[in-house]
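Number of protein chains: 2
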Amino acid sequence: MMKSAFGPNRRVVLGGLAGLLSLRVAGAHGQTGAGDLPPGDPLPSWNDGPAKAAIIELVKSTTDAANPNFVPPEARVATFDQDGTTWVEHPIYTQVIYCLERVPAVVREKPELKEVEPFKTVLSGDRAAIEKLPTDELLKILFATLSGMTVDEFQAQVSAWIATAKHPRWDRLYTELTYQPMLEVMRYLRANGYKTYIVTGGGQDFVRVYSERVYGIPPEQVVGSAGGVTYGYAKDGRPILTKESKLLLNDNNAGKPEGIHLEIGRRPVIAFGNSTGDRQMLEYTKAGDGARAALLVLHDDAEREYAYGPALGLPDTKVGAFTQDLYDEAKKDGWFVISMKRDWKKIFSFD
Amino acid sequence: MMKSAFGPNRRVVLGGLAGLLSLRVAGAHGQTGAGDLPPGDPLPSWNDGPAKAAIIELVKSTTDAANPNFVPPEARVATFDQDGTTWVEHPIYTQVIYCLERVPAVVREKPELKEVEPFKTVLSGDRAAIEKLPTDELLKILFATLSGMTVDEFQAQVSAWIATAKHPRWDRLYTELTYQPMLEVMRYLRANGYKTYIVTGGGQDFVRVYSERVYGIPPEQVVGSAGGVTYGYAKDGRPILTKESKLLLNDNNAGKPEGIHLEIGRRPVIAFGNSTGDRQMLEYTKAGDGARAALLVLHDDAEREYAYGPALGLPDTKVGAFTQDLYDEAKKDGWFVISMKRDWKKIFSFD
Numbered sequence: 636m637m638k639s640a641f642g643p644n645r646r647v648v649l650g651g652l653a654g655l656l657s658l659r660v661a662g663a664h665g666q667t668g669a670g671d672l673p674p675g676d677p678l679p680s681w682n683d684g685p686a687k688a689a690i691i692e693l694v695k696s697t698t699d700a701a702n703p704n705f706v707p708p709e710a711r712v713a714t715f716d717q718d719g720t721t722w723v724e725h726p727i728y729t730q731v732i733y734c735l736e737r738v739p740a741v742v743r744e745k746p747e748l749k750e751v752e753p754f755k756t757v758l759s760g761d762r763a764a765i766e767k768l769p770t771d772e773l774l775k776i777l778f779a780t781l782s783g784m785t786v787d788e789f790q791a792q793v794s795a796w797i798a799t800a801k802h803p804r805w806d807r808l809y810t811e812l813t814y815q816p817m818l819e820v821m822r823y824l825r826a827n828g829y830k831t832y833i834v835t836g837g838g839q840d841f842v843r844v845y846s847e848r849v850y851g852i853p854p855e856q857v858v859g860s861a862g863g864v865t866y867g868y869a870k871d872g873r874p875i876l877t878k879e880s881k882l883l884l885n886d887n888n889a890g891k892p893e894g895i896h897l898e899i900g901r902r903p904v905i906a907f908g909n910s911t912g913d914r915q916m917l918e919y920t921k922a923g924d925g926a927r928a929a930l931l932v933l934h935d936d937a938e939r940e941y942a943y944g945p946a947l948g949l950p951d952t953k954v955g956a957f958t959q960d961l962y963d964e965a966k967k968d969g970w971f972v973i974s975m976k977r978d979w980k981k982i983f984s985f986d
Numbered sequence: 636m637m638k639s640a641f642g643p644n645r646r647v648v649l650g651g652l653a654g655l656l657s658l659r660v661a662g663a664h665g666q667t668g669a670g671d672l673p674p675g676d677p678l679p680s681w682n683d684g685p686a687k688a689a690i691i692e693l694v695k696s697t698t699d700a701a702n703p704n705f706v707p708p709e710a711r712v713a714t715f716d717q718d719g720t721t722w723v724e725h726p727i728y729t730q731v732i733y734c735l736e737r738v739p740a741v742v743r744e745k746p747e748l749k750e751v752e753p754f755k756t757v758l759s760g761d762r763a764a765i766e767k768l769p770t771d772e773l774l775k776i777l778f779a780t781l782s783g784m785t786v787d788e789f790q791a792q793v794s795a796w797i798a799t800a801k802h803p804r805w806d807r808l809y810t811e812l813t814y815q816p817m818l819e820v821m822r823y824l825r826a827n828g829y830k831t832y833i834v835t836g837g838g839q840d841f842v843r844v845y846s847e848r849v850y851g852i853p854p855e856q857v858v859g860s861a862g863g864v865t866y867g868y869a870k871d872g873r874p875i876l877t878k879e880s881k882l883l884l885n886d887n888n889a890g891k892p893e894g895i896h897l898e899i900g901r902r903p904v905i906a907f908g909n910s911t912g913d914r915q916m917l918e919y920t921k922a923g924d925g926a927r928a929a930l931l932v933l934h935d936d937a938e939r940e941y942a943y944g945p946a947l948g949l950p951d952t953k954v955g956a957f958t959q960d961l962y963d964e965a966k967k968d969g970w971f972v973i974s975m976k977r978d979w980k981k982i983f984s985f986d
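Chains as they are written, first to last, in the numbering used here: chain U, 636 to 986; chain B, 636 to 986.
Derived by calculation from the structure, the hints in this document are not laboratory data.
Certain hints may be false.
When chains are identical, the list treats them as one kind, so a pair holds in a single copy or across two.
[Unchecked claim] With a straight-line cut-off of 27 Å between C-alpha atoms, the simulated BS3-like cross-links for lysine-lysine are:
# : residue 1 : residue 2
1 : Lys755    : Lys953
2 : Lys695    : Lys966
3 : Lys966    : Lys801
4 : Lys745    : Lys953
5 : Lys976    : Lys745
6 : Lys881    : Lys967
7 : Lys695    : Lys767
8 : Lys767    : Lys966
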């Protein structure tokens, strides 16, 4: 659900971070695992309400062979946006933090960058100055941190970072800041024969590093913005795949149903999002035959998490905007809006 | 295993058929199903020999928790090229026949094309003239038959054709011309926790239409050459995905490991191919840690199927060439060459 700064003709960049360039950057241990379904209420962190009822009704009707809306197991596809839908996206997308925090390592490898902008500013740690970096300068940070290495090197870099980096507000690992109610939905769907997919505007290669451990979703079920890779050979002749800076799939907005077609080839039966970047995925889902469900997480809980819209008069944001227009479409087309404040008993597993 | 006529800078065309343009075009009921594994010999259509032994040894070592080469179930990935590896590709790729045979329907919808080349020549049925069509004219056929429609329309078109079109030599459905020994390998691997994938130079959308029924491989496990799709709305407001003529992934040669990374994100443990277009996929597979296996089908059986190389002095071909250079690399790097003549007791289920 990242908002894209690139039109279709500006496929210049960076798997997963195309959208991030429209932003001015603002500013743990233990895993929220994804094990078996607990007995009893399949969604214990949810308050009773229309959203919870809609999820349970969809699952019941599509898995009952006597129901006209029965869906055979192989077609049970559920898609989840990530940022703002399954984990915290404020004040800024986790992957942007990764890119910024990766800069010192990049400069250690290429010391000549130390005095060169924008690396110099990022190294200074001067947040106000970093926030003022123009888009094309930020682009250089993304290029330098998300391309040029082999896919194995990138995986190791992200893996090391995500194991220790913490969100400043909670002082917890980013992977702990997944939403417990959504983890329950994923487990509930899988227990009912659904295949769960992440369909994210974030980088496919980035999310794949931790998706299995954090969400129980294997790498082959992560669809995300994707840069090209190029097959070649290392000096010792070993085959390698190198990450390139050209964008193959900008998995935002219309790119979400397009990416779903490319990598899954089936229309979702149920889809979850939280922002305008998810609109087309939800439209595409609802347009299928039989029972389909589309749900949007509304961040209306500043106390326990964040509050932003601008729908319903909530504060506006450039990170995961949920516009009034999107809200109106949801109401008109029978999508469900999940109120974090009212629908979720708890937000994080540690609450 | 299609040979590509396009360099990386000529991404102009046509999911799945990029390779076909380098060719001059030369020229069934019941399904080869993919059910459960029969008891006893898991590969009954195979003669004993190094290839059969290699497959069984790989499966045994990677599924035995006490073996140092044990692979956890989620990482058991097996990839299969399609044309020439799992079904007949001579005298010409099935999808090319599809495109040519689709021309009358295209002209019915756009009668103005009737007197326009290359449609006029294709409609004439004059095989010699069709074979002489220049590449850019053939390109128009591919454009007209593989793009411009919605993905649902395309699926219906292929589905109707593949249900009735027959191979002239056997007078059988193309889907009956799958290789029984390879269907057994797929079943054997799946019975041992492997996820089986098609990784084809052919069109991803084309193969997905029948892959589940014919190979037991669901659409989300088909990686192939893929054109872009564009999300939009029909006149009635319904969301649609329209097939475009721009090529996103040319899934041949280096494009195979690149496509595997894009759509699977895991390195295969075992991979099967039959031509130079599979070379990089097999290299990439073998370069992984632990036990890995790479196998190439050699078409050396003119009596029961076809004989072509040019490896080992077999007749040369532009359709699925297995060069001496590829053969030498296979021998040097410990890949296995499957002789259709010696290794396969039967080729088709109806033999």
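Here is what the structure says about each hint:
With identical chains, the CA atoms of Lys755 and Lys953 are at most 27 Å apart within one copy only, with a shortest distance of 26 Å there and 55 Å across copies. For the identical chains of this complex, Lys695 and Lys966 are intra-copy neighbours only, at 23 Å inside a copy versus 55 Å across copies, given an alpha-carbon limit of 27 Å. Taking the shortest alpha-carbon separations for Lys966 and Lys801, neither the intra-copy value of 36 Å nor the inter-copy value of 50 Å comes in at or below 27 Å. For a Cα distance limit of 27 Å, the shortest separation of Lys745 from Lys953 qualifies neither inside one copy, at 33 Å, nor across copies, at 47 Å.
For the identical chains of this complex, Lys976 and Lys745 are neighbours neither inside a copy (47 Å) nor across copies (56 Å), given an alpha-carbon limit of 27 Å. Taking the shortest Cα distances, Lys881 and Lys967 never come within 27 Å of each other, neither inside one copy (38 Å) nor across copies (35 Å). Taking the shortest alpha-carbon separations for Lys695 and Lys767, neither the intra-copy value of 51 Å nor the inter-copy value of 58 Å comes in at or below 27 Å. Taking the shortest alpha-carbon separations for Lys767 and Lys966, neither the intra-copy value of 38 Å nor the inter-copy value of 58 Å comes in at or below 27 Å.
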